[in-house]
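**Q** Quick mapping for you: the protein sequence lines, in order, are chains A and B.
Residue numbers for the first sequence follow the numbering used here, beginning at 1 and rising by one.
Residue numbers for the second sequence follow the numbering used here, beginning at 1 and rising by one.
Among the hints, a few may not be true.
For chains that are exact copies, the list does not tell them apart, and a pair is met inside one copy or across any two.
[Unchecked claim] Derived DSBU-like pairs: lysine-lysine, alpha-carbon spacing no greater than 35 Å straight-line:
(1) 156 with 179
(2) 156 with 66
(3) 194 with 171
(4) 194 with 175
(5) 192 with 171
(6) 196 with 179
(7) 48 with 196
(8) 186 with 171
Don't read these hints as lab results, they were simulated from the structure.
Quick caveat: nothing in here was measured; it's all calculated off a predicted structure.
There are 2 protein chains.
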Amino acid sequence: MIIIFKVAVLISGKGSNLQSIIDRLHIKNNNIEIKCVISNNKDVLGLKRAKDSDICTYTVNDCNYKKSKEYEKEIINIIDGQSIDLIVLAGYMRLLSPYFIDYYYPKIINIHPSLLPSFPGLNAQQQALDYGVKVSGCTVHFVDKGVDSGPIIKQKAVVVDSNDTVNSLSKRILKDEHKILPEVIKLLSLNKVKLKNRTVIIEER
Amino acid sequence: MIIIFKVAVLISGKGSNLQSIIDRLHIKNNNIEIKCVISNNKDVLGLKRAKDSDICTYTVNDCNYKKSKEYEKEIINIIDGQSIDLIVLAGYMRLLSPYFIDYYYPKIINIHPSLLPSFPGLNAQQQALDYGVKVSGCTVHFVDKGVDSGPIIKQKAVVVDSNDTVNSLSKRILKDEHKILPEVIKLLSLNKVKLKNRTVIIEER
Chain A
1 MIIIFKVAVL ISGKGSNLQS IIDRLHIKNN NIEIKCVISN NKDVLGLKRA KDSDICTYTV
61 NDCNYKKSKE YEKEIINIID GQSIDLIVLA GYMRLLSPYF IDYYYPKIIN IHPSLLPSFP
121 GLNAQQQALD YGVKVSGCTV HFVDKGVDSG PIIKQKAVVV DSNDTVNSLS KRILKDEHKI
181 LPEVIKLLSL NKVKLKNRTV IIEER
Chain B
1 MIIIFKVAVL ISGKGSNLQS IIDRLHIKNN NIEIKCVISN NKDVLGLKRA KDSDICTYTV
61 NDCNYKKSKE YEKEIINIID GQSIDLIVLA GYMRLLSPYF IDYYYPKIIN IHPSLLPSFP
121 GLNAQQQALD YGVKVSGCTV HFVDKGVDSG PIIKQKAVVV DSNDTVNSLS KRILKDEHKI
181 LPEVIKLLSL NKVKLKNRTV IIEER
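Okay, chain A solo, but in the shape it has when bound (with noise of 0.2 Å):
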């Protein structure tokens, strides 16, 4: 019997880490399956990017919803529908409520385009740059309640130049957001890592 760990990516925009993920993993001798792809943006890129591989999408437009919970329980509802895994959040950039972290956690992963716990929130690596570190990076962690505060699970360092622009260091970043995202799905899927308090451990042998 070959099991196949699900995956349910959120995005709000380009996708391209959702296309990385497609690309590294989705089916192709993994048995990882990614069910679905919800979008709260209508017509965005990365809706066309999963139709193209023929994964399911939905757009919840967190407009017409008056309250948070009831957007929420739209999303749960398609997930649960289909017995997901594991939530990957790909640039999606909408706040989670504590009722839906609570009720997943801890399989919500996200990405993160700084080495936390530095510059958490929105534009991380404006906020990088505006700080003049010489070293940043990106962060898959597990969501908890904060402000991308929950676990680490996976981190990688990229040097910040003199020169660099928001788009040049975020481009670098995105690279290597490419490279850790999948490894750390993969590695989900193979029951490798381990959460112990807030600490996470790989096995990665």
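Use these hints to put chain B onto chain A, whose structure you have.
**A** Chain B alone, transformed into the frame defined by chain A:
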């Protein structure tokens, strides 16, 4: 005419970073001279290391001064008597007052065992392990009035292993401290470090 770049090093303990500066820079065709080593604790290994290299040493024991300003004036007397170009805090465990910082800014640098702005203050390596980061490192920065908050000159990332203890991580970070602190002093002596607001530009070429 040879211009010598004159450095004062402030320490509190064993002075391994002091030793790396002595070994890599002191005299040796670098036109850099450690003119004095000042410790707030007597009989520490760092003072012996300085004496072994014929560097003047001073112990200014903070317990002997009722007011921080009197203590710091004593240090200023020593430093100003020797036309010092740069003050290096190398494991100096006493906070300096805004009075002292203002007096010398931006001529004081510090080495800190984390990738700032993550984990400022004491026990940075333990803080990093407690948080569960997968990448830490070290930072050389100009000292401003905050705690480890000044403009960053150089940083080096260090991978954190799943089985790291505070000792094993500290040792690995210390190896890189021993590299980047002398590198920064050398760059400063060559006037290749430019401060633009809080961003540091290194003119490496």
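**Q** Now, for every hint given, state plainly whether the structure supports it.
**A** Verification of the supplied hints:
1. 156 with 179: So residue 156 and residue 179 pass the 35 Å test inside a copy (9 Å) and across (21 Å) alike.
2. 156 with 66: Close neither inside one copy (39 Å) nor across copies (47 Å); limit 35 Å.
3. 194 with 171: both (31 Å within a copy, 26 Å between copies)
4. 194 with 175: Classified as both; 26 Å inside a copy, 30 Å across copies.
5. 192 with 171: For residue 192 and residue 171, the Cα distance is within 35 Å both inside one copy (29 Å) and across copies (28 Å).
6. 196 with 179: both (25 Å within a copy, 34 Å between copies)
7. 48 with 196: neither (38 Å within a copy, 44 Å between copies)
8. 186 with 171: both (23 Å within a copy, 32 Å between copies)
Consistency with the previously given hints fails for numbers 2, 7, ordered from lowest to highest.
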